[in-house]
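Protein chains in written order, with my numbering: chain A, -10 to 99; chain B, 231 to 459.
Misleading hints may appear alongside valid ones.
Said to hold, decoys possible - A few chain A residues facing chain B, derived, Cβ under 10 Å:
(1) Y31
(2) L46
(3) F75
(4) L81
What the hints assert, rightly or not - Covered stretches of chain A, going by a simulated chain B footprint (3 or more residues, C-beta under 8 Å):
(5) 17 to 29
(6) 37 to 45
(7) 51 to 59
(8) 64 to 74
Hints listed in this document are in silico derivations from the structure and should not be mistaken for laboratory results. Backbone N, C-alpha and C define an ideal beta-carbon position, used for all residues, glycine too.
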Amino acid sequence: MTDTAVDAAVDAHDDDHHPSDLFYVKIAGILALFTALEVGTYFIEDSVDPWFLYLSLSVLMIIKFAMVAAYFMHLKYDTPWFRYLFIAGLVLAMGVYAIFLFAYDVFGLG
Amino acid sequence: MSEAIATKSDQAVDDHGHDAGHGTTTGISNNKLMMWAFLGSECLLFGALISTYLLYKERFNGFAEGLAPFAEDGRNIGPRFGGSDGEGVFDIPFTSISSFVLLASSLTMVLALSSIRRGEYRNFRIWTLTTAALGSVFIAGQIYEFTEFVEKGLGYSTNIFGSAFFTLTGFHGVHVTIGIVMLLATYIMHKQGRLNQDKAETVEIVGLYWHFVDVVWILIFTVVYLFPQ
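Work out the full structure, taking the sequences as your base and the hints as a guide.
If you want it as structure tokens, here you go:
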């Protein structure tokens, strides 16, 4: 194995871990499309069931959040330990504050 | 021979600006680990602020008459009365543009990181300054929006909704401002020759913070501005 071969192997490894600029542009385009869809719901909210809006906006929000975290923050490519740390914070926050909000009947389900 | 190859390989990996955890006992970069732990804890901060907003936004819908949303002159002040035809203080089209600006800044941030990893310093400087500029546009929009709200009668202490709203969005604005300072510091360090391809991880860590600010705005924009009242 020559030095050139090692360089090539390292470059290939590098390409595996870091997508091309075009890939990032495509991800940003998808995020912009989803944001446009979200904004679009504002103009039709008077004629649509609010629960449908809550559901569709929540789904779009979660997808956008996951895409930024996975691709722009490289969680998809980095060591899983970073993912565990971030998800631990997220799950803890969602758990604690979901209990808090249900306790105060914020969602009107009580 | 194999030792020589290993040395060359290690050098090449370091030159590509990642795998900086090579010398740590865990094999993971301590700096990145610290940033991710910090971002995990930030989830709790923003979780608290968003939950408080959700709790108190009801107050301005009239569920707790007398507490909110009434201003001192008795006017009913809320964000989106009457939906898209209402007279609420929120300007959704304007805030939507701000959201697109912040989203675009995440793209330029990741392009800045890609550039410095490849050693393309001119592109790195352009994308870093563009990211800082887009962040500044977002902050300028937020200041304008806050000014408009105050002129329409919704101040920090007007009602309990106003306090929750300004605290949440204000904290986010402070985070964006800190991010802009970090980006400018990164740019200055690079100009001084203290930041180049082999220290690309520093840019990556600044980028993580910046993208986190973006994902928090994804939540705030939907929950605060777009969810039907």
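**Request:** Between the segment 37 to 45 of chain A and chain B, see if three or more residues pass the 8 Å beta-carbon test, and mark the coverage as holds or violated.
**Result:** Holds: 3 residues of the segment 37 to 45 of chain A have a Cβ under 8 Å from chain B.
**Item:** Given hint A/L46 near chain B, where the shortest CB pair must fall under 10 Å
**Value:** Interface hint status for A/L46: holds (5 Å vs cutoff 10 Å).
**Message:** Taking beta carbons only, do three or more residues of the segment 51 to 59 of chain A come closer than 8 Å to chain B?
**Reply:** Per the Cβ count (4), the hint holds.
**Prompt:** Hey, does the A/F75 contact hint survive, CB to chain B under 10 Å?
**Reply:** holds (5 Å)
**Item:** Closest C-beta approach of A/L81 to chain B relative to 10 Å, hint status
**Value:** holds (6 Å)
**Message:** Hint validation: A/Y31 versus chain B, beta carbon distance must be below 10 Å. Holds or violated?
**Reply:** holds (5 Å)
**Asked** Per the coverage rule (Cβ-Cβ under 8 Å, at least three residues), is the segment 64 to 74 of chain A covered by chain B?
**Response** holds (count 5)
**Asked** For the segment 17 to 29 of chain A, does the count of residues with a C-beta closer than 8 Å to a C-beta of chain B reach 3?
**Response** holds (count 6)
Every hint from the earlier list agrees with this structure, and none is contradicted.
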